[in-house]
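> Next come the chains, spelled out residue by residue.
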Amino acid sequence: MEVNFSPTLTAIRKHGIGRSNLIPILHEIQGEYRYLPEGSLRSVADIMDIPLVDVYGVATFFTSFSLRPKGKHQVTTCMGTACHVRKSGGVLEEAKRFLGVEPGQTTEDMLFSLETVNCLGACAMGPIVVIDGKYHGQVTPAKVKKLLQDVADAERVPEYVEDRVAAVL
Amino acid sequence: MSKIESLPSFEQYRKALDSERKKYTATVSVCGGTGCHAHECVNVFDAFESEIVHRGLEDSVELKITGCHGFCEMGPLVVIWPQEIFYKQVSPEDVPRIIEQSLLGGKAVEDLLYQDPSNGGKILREDDIPFYKKQMRILMDMNGKINPRNIDDYIVQGGYTALAKALFELEPEEIIDAVDRAGLRGRGGAGFPTANKWRSCRQAKARDGIKYVLCNADEGDPGAYMDRSLLEGNPHSVIEGMAIGAYAIGANQGYIYVRHEYPLTLENLLTALDQARELGLLGVNILDSGFDFDIKVSVGGGAFVCGESTALMASIEGRIGEPRVKHIHTAERGLYNRPTNLNNVETWANVPLIINRGVEDYASIGTEKSTGTKIFSLVGKIKNTGLVEVPMGTTLREIIYDIGGGVPDGKTFKAVQTGGPSGGCIPESLLDTPVDFDRLYEVGSMMGSGGMIVMDEDTCMVDIARYFLDFLCDESCGKCVPCREGLKQMQHIIADITEGNASPQQLDLLKELAWTVQETSLCGLGQTAPNPVLSTIRYFEEEYAEHLEEKKCRAGVCKALISFEIDPEACTGCLRCKKSCPVGAVTGEKKQPHTIDQSQCEKCGICLEVCEYEAVIRK
Numbered sequence: 125m126e127v128n129f130s131p132t133l134t135a136i137r138k139h140g141i142g143r144s145n146l147i148p149i150l151h152e153i154q155g156e157y158r159y160l161p162e163g164s165l166r167s168v169a170d171i172m173d174i175p176l177v178d179v180y181g182v183a184t185f186f187t188s189f190s191l192r193p194k195g196k197h198q199v200t201t202c203m204g205t206a207c208h209v210r211k212s213g214g215v216l217e218e219a220k221r222f223l224g225v226e227p228g229q230t231t232e233d234m235l236f237s238l239e240t241v242n243c244l245g246a247c248a249m250g251p252i253v254v255i256d257g258k259y260h261g262q263v264t265p266a267k268v269k270k271l272l273q274d275v276a277d278a279e280r281v282p283e284y285v286e287d288r289v290a291a292v293l
Numbered sequence: 060m061s062k063i064e065s066l067p068s069f070e071q072y073r074k075a076l077d078s079e080r081k082k083y084t085a086t087v088s089v090c091g092g093t094g095c096h097a098h099e100c101v102n103v104f105d106a107f108e109s110e111i112v113h114r115g116l117e118d119s120v121e122l123k124i125t126g127c128h129g130f131c132e133m134g135p136l137v138v139i140w141p142q143e144i145f146y147k148q149v150s151p152e153d154v155p156r157i158i159e160q161s162l163l164g165g166k167a168v169e170d171l172l173y174q175d176p177s178n179g180g181k182i183l184r185e186d187d188i189p190f191y192k193k194q195m196r197i198l199m200d201m202n203g204k205i206n207p208r209n210i211d212d213y214i215v216q217g218g219y220t221a222l223a224k225a226l227f228e229l230e231p232e233e234i235i236d237a238v239d240r241a242g243l244r245g246r247g248g249a250g251f252p253t254a255n256k257w258r259s260c261r262q263a264k265a266r267d268g269i270k271y272v273l274c275n276a277d278e279g280d281p282g283a284y285m286d287r288s289l290l291e292g293n294p295h296s297v298i299e300g301m302a303i304g305a306y307a308i309g310a311n312q313g314y315i316y317v318r319h320e321y322p323l324t325l326e327n328l329l330t331a332l333d334q335a336r337e338l339g340l341l342g343v344n345i346l347d348s349g350f351d352f353d354i355k356v357s358v359g360g361g362a363f364v365c366g367e368s369t370a371l372m373a374s375i376e377g378r379i380g381e382p383r384v385k386h387i388h389t390a391e392r393g394l395y396n397r398p399t400n401l402n403n404v405e406t407w408a409n410v411p412l413i414i415n416r417g418v419e420d421y422a423s424i425g426t427e428k429s430t431g432t433k434i435f436s437l438v439g440k441i442k443n444t445g446l447v448e449v450p451m452g453t454t455l456r457e458i459i460y461d462i463g464g465g466v467p468d469g470k471t472f473k474a475v476q477t478g479g480p481s482g483g484c485i486p487e488s489l490l491d492t493p494v495d496f497d498r499l500y501e502v503g504s505m506m507g508s509g510g511m512i513v514m515d516e517d518t519c520m521v522d523i524a525r526y527f528l529d530f531l532c533d534e535s536c537g538k539c540v541p542c543r544e545g546l547k548q549m550q551h552i553i554a555d556i557t558e559g560n561a562s563p564q565q566l567d568l569l570k571e572l573a574w575t576v577q578e579t580s581l582c583g584l585g586q587t588a589p590n591p592v593l594s595t596i597r598y599f600e601e602e603y604a605e606h607l608e609e610k611k612c613r614a615g616v617c618k619a620l621i622s623f624e625i626d627p628e629a630c631t632g633c634l635r636c637k638k639s640c641p642v643g644a645v646t647g648e649k650k651q652p653h654t655i656d657q658s659q660c661e662k663c664g665i666c667l668e669v670c671e672y673e674a675v676i677r678k
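Protein sequence lines correspond, in order, to chains A and E. To convert, note that position 37 of the first sequence is 161 in our numbering; the numbers rise steadily by one, no gaps. To convert, note that position 318 of the second sequence is 377 in our numbering; the numbers rise steadily by one, no gaps.
There could be a bad hint or two in this list.
Unchecked claim - DEER-style ranges, computed between Cβ atoms:
1) A:Q262 / E:L634: 23 to 33 angstroms
2) E:S658 / A:T134: 51 to 61 angstroms
3) E:D533 / A:Q262: 19 to 29 angstroms
Source of the hints: derived by calculation from the structure; they are not laboratory data. Backbone N, C-alpha and C fix where the C-beta goes; we use that ideal spot for every residue, glycine too.
Sequences are here, hints too, so could you generate the full structure?
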């Protein structure tokens with residue numbers, strides 16, 4: 125028999141098929157794909173013998189799971205109370221405007237996903253923005269704009285490459 | 060590491076560790092809490108490591124990365140023992156100087172010491188800093204002394220002696236009795252007497268003999284992070300507490316439910332559990348006492364409602380985290396319908412202290428009805444942000460001014476919010492309220508898990524009410540109507556008020572809705588959800604009135620009620636605001652006063668932030 129080593133099956137093998145393992149398995153799959161693909165949810169339901177609607181229910185109830193693919197760069201704004209009184213609202217507004225997406229969405233070029241989080245527990249640094257796992261403290265609207273601009277600039281394809289692509293096409 | 064098979068060999072193990080560590084003449088502890096991690100303390104640790112090796116000091120200097128010291132504002136923190144020299148905001152470049160002057164020379168590096176803001180004097184020791192001086196750190200004490208990933212550090216400090224004492228010297232009922240007389244109340248929010256919970260769970264009949272003890276580490280209150288710091292910095296104190304509780308209740312299986320937003324906590328906890336199992340402090344026949352106990356870790360998925368006991372249990376079972384009606388208590392039928400006892404992180408961590416310090420000593424701390432200490436996370440508009448552990452009964456004023464140093468930037472204090480989304484805002488006039496479970500409840504707030512968010516004149520109280528309603532609407536699981544629909548209607552009204560579209564009569568409707576949600580919701584989340592609204596109306600009604608009648612927001616927060624203008628006198632025409640405006644609402648030529656087109660302005664405030672001439676005015 126050929127063994128399938130897809131992340132979904134690996135996660136199920138690792139945790140086992142008891143119902144209590146559903147959430148850890150979904151965490152593992154999401155860790156691999158950065159979202160929960162439909163096919164994975166179907167496999168999980170079939171193999172674990174849990175109705176698909178229940179798997180879907182759990183996958184949509186908890187905010188850490190996403191059914192949509194995430195972008196290359198993860199931007200998370202903390203919306204905890206401490207960050208809020210230090211004006212994280214304006215920071216989020218600016219991030220939304222810069223990226224042109226709402227929290228939970230991904231930019232069309234799949235470069236950025238914007239998320240909010242209720243508290244990161246690093247309140248001394250608030251307002252906090254986390255970009256790809258790096259914490260930025262005391263962020264202001266102008267500062268978040270610069271942070272995002274820097275990431276976007278680093279991603280920009282140099283003009284001479286674009287020219288070559290255009291020339292060949 | 061090999062398994063410790065009996066009580067005498069446990070004591071031997073501890074003595075051996077103790078004498079082995081005598082070889083160190085100094086210890087360098089680098090704070091490794093999430094706050095300091097964000098300040099990149101790892102680089103400081105690495106610098107110490109290579110410098111110590113470079114100078115051949117490995118055998119005399121002990122280096123460790125510890126849990127959170129609490130003074131997150133000043134991170135990365137480094138403490139040099141035995142002198143207890145406290146260094147703040149240490150960078151990797153400072154490391155050679157610290158080794159040279161402090162470890163080898165026995166002197167302090169002056170510029171890295173904390174400076175007393177009141178008189179400018181340098182302070183050498185951690186305990187002498189005003190932030191720490193008025194605290195009573197019995198739970199947090201070990202956080203700065205032990206490496207959470209090394210069980211030996213905990214054992215050397217007397218760890219697991221309470222468990223040994225419980226297993227070999229005390230009967231289960233005696234333990235429950237001790238917890239009862241010590242007056243321990245649940246630190247998760249409501250302050251229910253812990254011993255009562257334990258007793259009913261002990262007495263409950265399990266159909267197959269299986270009972271569970273659970274630890275709630277789903278710290279969902281925004282602005283509260285003491286449970287994270289405890290579990291992250293001293294996981295064994297929680298594990299030991301749970302083992303003692305399980306023995307008292309008659310349970311052999313435990314679960315710790317951790318937020319997935321706390322990756323470092325999870326890593327430290329899993330390491331701690333592995334090490335405890337390896338040493339035989341968890342598992343079958345612990346220290347040959349005949350008692351079996353083990354703990355599994357369950358990771359949450361980011362749902363605030365999962366802090367509620369029945370929702371938490373549903374989530375562990377792999378179901379949607381919805382609460383159920385509790386006409387049958389979870390002490391009788393909880394996780395998998397078996398008798399279950401749930402306490403939060405801080406409650407469990409108190410248990411070894413009660414056993415070790417003795418009932419009388421523990422009960423002498425705090426007030427008559429709220430004993431012991433409580434850890435608060437003091438955040439928001441406060442000079443010294445961080446974790447604060449004080450005896451119950453300390454007044455809010457002492458915490459905010461003596462420990463927290465008051466409000467920064469010369470602003471005026473407005474309110475302090477306690478109890479997270481279930482709590483309320485307490486005004487200046489009530490700052491002398493002693494902090495205990497009952498007094499906070501009397502003033503319309505609650506202890507909650509211990510978040511304390513300070514607000515100043517720039518905070519709009521209506522906006523705060525709106526913030527919490529937005530949060531709660533988002534987090535309502537949707538199972539019961541009052542919470543799902545009621546909160547949504549309240550949210551609409553509050554939004555109208557902050558946008559200047561509400562009539563004064565709507566305030567009465569808002570209150571009526573609040574009371575209905577309070578009385579009729581299914582679980583604690585819904586029943587307490589109106590508190591932020593009701594407490595702000597109670598203490599700051601004049602701010603609501605201003606929004607409703609004058610369409611004015613005195614804090615300048617509610618966007619619909621404010622505008623930005625440029626003072627032509629002060630404007631130098633530097634173009635800075637024009638370049639920064641994301642919507643192009645600023646017009647004007649170089650060296651000519653600029654103006655803001657009000658129809659385009661989105662009121663983001665960037666122009667105010669970037670202007671160096673104070674020419675942008677918020678009205």
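> Between Q262 (chain A) and L634 (chain E), does the beta-carbon spacing fit 23 to 33 angstroms?
Since Q262 (chain A) and L634 (chain E) have Cβ atoms about 26 angstroms apart, the given range 23 to 33 angstroms holds.
> Taking the beta carbons of D533 (chain E) and Q262 (chain A), is their distance inside 19 to 29 angstroms?
Roughly 25 angstroms apart at Cβ, these two residues keep to the hinted range, so it holds.
> Range first: 51 to 61 angstroms. Now tell me if the beta carbons of S658 (chain E) and T134 (chain A) are that far apart.
57 angstroms, holds
The structure meets every hint from the earlier list without exception.
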